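This is what each chain is made of:
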Amino acid sequence: AQSVTQLDSQVPVFEEAPVELRCNYSSSVSVYLFWYVQYPNQGLQLLLKYLSGSTLVKGINGFEAEFNKSQTSFHLRKPSVHISDTAEYFCAVVGDSSYKLIFGSGTRLLVRP
Amino acid sequence: EPEVTQTPSHQVTQMGQEVILRCVPISNHLYFYWYRQILGQKVEFLVSFYNNEISEKSEIFDDQFSVERPDGSNFTLKIRSTKLEDSAMYFCASSLTSGGAGDTQYFGPGTRLTVL
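Chains as they are written, first to last, in the working numbering: chain A, 27 to 139; chain B, 62 to 177.
Next up, chain A with everything else stripped away, as it sits in the complex (with noise of 0.2 Å):
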């Protein structure tokens, strides 16, 4: 079955500075992958997805991740976090014989002043 790690609950940092929430997944034949973000008290609002082709992925509010096959990972990363970005970070899966979105854990990325 398909599974999704997010390795680090929670990631602290100052504004302005640069962050990487790290996302690994189980290998299958293919996937599709997303970043998802919570902000307090809403839904789920996509950033950003992969499903083939160029293995970085540009997003919304400035956010990019990267499709790693051979280490299964899909890092979301941006250069420089607003106190703005302040919310839970989700990365998840969707396998190709199935439509479901299979979610990791969750980050919650604090940025402080």
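Please keep in mind that the hints were generated in silico from the structure rather than gathered at the bench.
Keep in mind that this is a model prediction, so the values were computed, not measured.
All residues carry an ideal CB built from backbone N, CA and C; glycine is no exception.
Be a bit skeptical, because a hint or two may be false.
If you anchor each label on the Cβ, the simulated ranges turn out as follows [stated by the list, open to error]:
#1 B:E120 / A:R103: 30 to 38 Å
#2 B:E129 / A:E42: 42 to 50 Å
#3 B:T165 / A:S106: 20 to 28 Å
Straight line, CA to CA, 20 Å or less: simulated SDA-like cross-link-like pairs of lysine to any residue [stated by the list, open to error]:
#4 B:K103 / A:R48
#5 B:K139 / B:S116
#6 B:K103 / A:S35
#7 A:K84 / B:T165
#8 A:K75 / B:G163
Given the coordinates of chain A, assemble chain B onto it according to the supplied hints.
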């Protein structure tokens, strides 16, 4: 921008009672989903629904759960006899026409269900 809406935002119920959680998916979407997140745990898939049928369900989605699209706009999740362990945030999602695995699922803000 179109969005998925859910009502109520918070539902409190007594154990053993029936609850219905309501969702209005994005209007031109054809695939609908329910997920839940127990406090401090992962977001978990419950069920997907297409063409008035369940297309996939998880082990969690037992006989106590049912889904329905009673009209052209609403999508509901019913829990027949709630248990304490059903307390969670329930998210509705919808995706566009093809329902391909890479389609973006758009999530609603969630309904927090508290079972006492």
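Verification of the hints:
1. B:E120 / A:R103: 30 to 38 Å: Since B:E120 and A:R103 have Cβ atoms about 35 Å apart, the given range 30 to 38 Å holds.
2. B:E129 / A:E42: 42 to 50 Å: 49 Å, holds
3. B:T165 / A:S106: 20 to 28 Å: 26 Å, holds
4. B:K103 / A:R48: 16 Å, holds
5. B:K139 / B:S116: Given pair B:K139, B:S116 holds - Cα atoms ~17 Å apart, limit 20 Å.
6. B:K103 / A:S35: 11 Å, holds
7. A:K84 / B:T165: Holds - the C-alpha atoms of B:T165 and A:K84 are around 15 Å apart, at most 20 Å.
8. A:K75 / B:G163: 8 Å, holds
In this structure, none of the earlier numbered hints is contradicted; all agree with it.
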